[in-house]
Amino acid sequence: MSYRIVTNNPSVRDSYKNVIFIDGTYEDVLVKVRDLVHSGVELIDSPLGASIRMLLSPYRSILVGTERQAMNADQILLIEQSILNYRTLTQRRNSEPQHANDYAVVDKALLEASIQAYEDMKCPTHSKFTGGEFLETRA
Amino acid sequence: MKLELRKIQIKDVVFGDKMEVNGGVLTINKDQVVAKLMEDHRVKEIKIDLAKPGEKTRIIPVKDCIEPRVKIEGEGKGFPGVTGKMVPLGDGKVNVLDGAAVVTIGDIVGFQEGVVDMWGEGAKWTPFSKTFNIVVDIIPVEGLEPHVHEETVRLAGLKAAEVIGEAGRYAEPTNVEVFEMGNHAEESAKYPNLPKVLYVEMLISQGLLHDGYIYGVNSQKILPTLIHPNEELDGAVISGNCVAACDKITTYQHQNNSAILDLYAEHGKTINFLGVILTPELTTLEGKFRTCDYTAKLCTMMGADGVIVSEEGYGNPDSDLLMICKRLEKAGVKTVLITDECSGWDGMSQPLADTTKEAVAVVSAGNVSHVVTLEPADKVIGSAKAISTLAGGWDGSLSEDGSIKCELNAVIGATSEIGYHNCTVKLY
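Sequence order for the protein chains is A and B.
Taking the numbering used here, the leading residue of the first sequence gets 212, the next gets one more, and so forth.
Taking the numbering used here, the leading residue of the second sequence gets 6, the next gets one more, and so forth.
Honestly, the hints are just simulated from the structure, not real lab data.
These numbers come from a predicted model, not from an experiment.
In this text, a Cβ means the ideal position worked out from N, Cα and C, and glycines have one as well.
Be aware that a few hints might be false.
In silico lysine to aspartate or glutamate, EDC-like type, Cα no more than 16 Å apart, as pairs [said to hold, decoys possible]: (1) B:K390 to A:E307; (2) A:K333 to B:E291; (3) B:K390 to A:D313; (4) B:K331 to A:D285; (5) B:K362 to A:D285; (6) B:K226 to A:E323; (7) B:K226 to A:E330; (8) B:K226 to A:D331.
Stretch by stretch, here's where chain B covers chain A in the computed footprint (C-beta under 8 Å, at least three residues) [as the list claims (entries may be wrong)]: (9) 221–232; (10) 289–299; (11) 313–320; (12) 325–332.
Based on the provided sequences and hints, a complete structural model is requested.
Shown next, in the form of structure tokens:
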């Protein structure tokens, strides 16, 4: 397993094995990720979501690496900046407990897409065909 | 490629027995639209209502806006690859119901906002307060997975726009806009001294409620791709993004992409417009590197002197925007960015989630955190639940007289990063 999930989303915790579960807020997840990145763990996902609504979600799941490597200054800058931006965005926001389940569902769906994208890129099982051969031999 | 957008100006919309445009009045046969949309077994019920500019009507939560059109000459019925057979777009004659919009609503998840007010303060901020809106409320059968629900709503909206677009088939246009461009060799021979400019349009491509489609292909799965501007103006790009109300690019805005229209207007005068690159905004950093490297490579391969990059959404796509900028500027390509800001209620905080020193020409489409007050509506089309989400979103957001204080990020198209909206910018 080449990634771990830092999450405070209980449905992600219950669905995956490689989870660092944070019993806390979205910001607590960011802070945990920051600590890991400072210790040399790779940041796989961008820390923030892509839509304002999901930045207001109580739940967040972020992919990180499994091993400590050399510190990456760009990634440190990115996670630190993300925390500052997160605070700006949410400083006057009220919580929405009535929508917690929906946020959990979307957070998990976005995580699944992210894991898929990550695994696609790693291509763990290459086909024996390097492309085109199968079709060409049939033709 | 030559595309004629034949604009039929719509001055009013009414329900009736026919589907036609007469003297600028669009008549819609509601039963016909409902029957078409009910063909999808995932749809339980369709409600259709009208909202006109100036009425004290609030529409919420808006999923997408689509311009109703019909192709009267050339290939491409509806939205090829999505609601119609796959054919290349960008050629032919299209009758456009200019001033009308199909607006889809429905709760896919409970926390969605996405408000369009047809009057007052709210109307100032959304471009869809000026259109005659045919609001389609799509209620699905029970038990649909969110992905399926989203697809059902998306397709229903596109089909509704297609059926209603038919009303304009025999109407005479009030004006005709022609978009014609030869291949790069021809255009560059015609305009050897004009700077070659590409437009990079970024699309949120991240999963449930956060997707964009090109000829029906989910942009999550593509490398950045080159597309003729006519194809986008002809309906090749579809929104499947439902949660970034203020800065998602609705299908209507793709069909009328302001950045493309402005670049086209300057083509042959001040620039040689080379085309559009559609770039997915992915979530993983590796994915971002791949798409940004690839985007910059396409731009340099095409020999662009200048590039305009527009973002969709806010947050992690800021990184893509700036990484593309960095790569292009380092390659000697002048780059202008269009984005929006999240700079707090007072507008004083750092606007983007990322930064780079190469970003020296940046157009802001507005501050998503800007606070607006929406008066109580006489009529609400949509969901009371969404209203309560809107009303409870922020400290002190619901006042005694029923008006709602909210951030611009709840208002559809308020800070459009392709410039299809009502805000303007000051030059500093």
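Hints and how they fare:
For the hint pairing K390 (chain B) with E307 (chain A), the CA-to-CA distance comes to about 12 Å; that is within 16 Å, so the pair holds. Simply put, K333 (chain A) and E291 (chain B) have alpha-carbon atoms about 10 Å apart, close enough for the 16 Å limit, and the pair holds. A distance of roughly 13 Å separates the Cα atoms of K390 (chain B) and D313 (chain A); the hinted pair therefore holds under the 16 Å criterion. Proximity of K331 (chain B) to D285 (chain A) is assessed by CA-CA distance (about 14 Å); at most 16 Å being required, the pair is judged to hold.
As the CA atoms of K362 (chain B) and D285 (chain A) are separated by approximately 14 Å, the hinted pair is consistent with the 16 Å bound. A distance of roughly 14 Å separates the Cα atoms of K226 (chain B) and E323 (chain A); the hinted pair therefore holds under the 16 Å criterion. Distance check on the hinted pair: K226 (chain B) and E330 (chain A) sit about 13 Å apart at the alpha-carbon level, within 16 Å; holds. Between K226 (chain B) and D331 (chain A) the alpha-carbon distance is near 10 Å, which keeps this suggested pair within the 16 Å criterion.
Proximity of the segment 221–232 of chain A to chain B, defined as three or more residues with a beta carbon under 8 Å from a beta carbon of that chain, is not established by the 0 residues found. Residues of the segment 289–299 of chain A lying with their CB closer than 8 Å to a CB of chain B number 6, which satisfies the three-residue condition for coverage. With 5 residues carrying a beta carbon less than 8 Å from a beta carbon of chain B, the segment 313–320 of chain A meets the three-residue requirement, and the given coverage holds. Counting residues of the segment 325–332 of chain A whose CB lies closer than 8 Å to any CB of chain B gives 4, which reaches the minimum of 3, so the coverage claim holds.
This entry does not satisfy hint 9, going by the numbered hints stated previously; all others are met.
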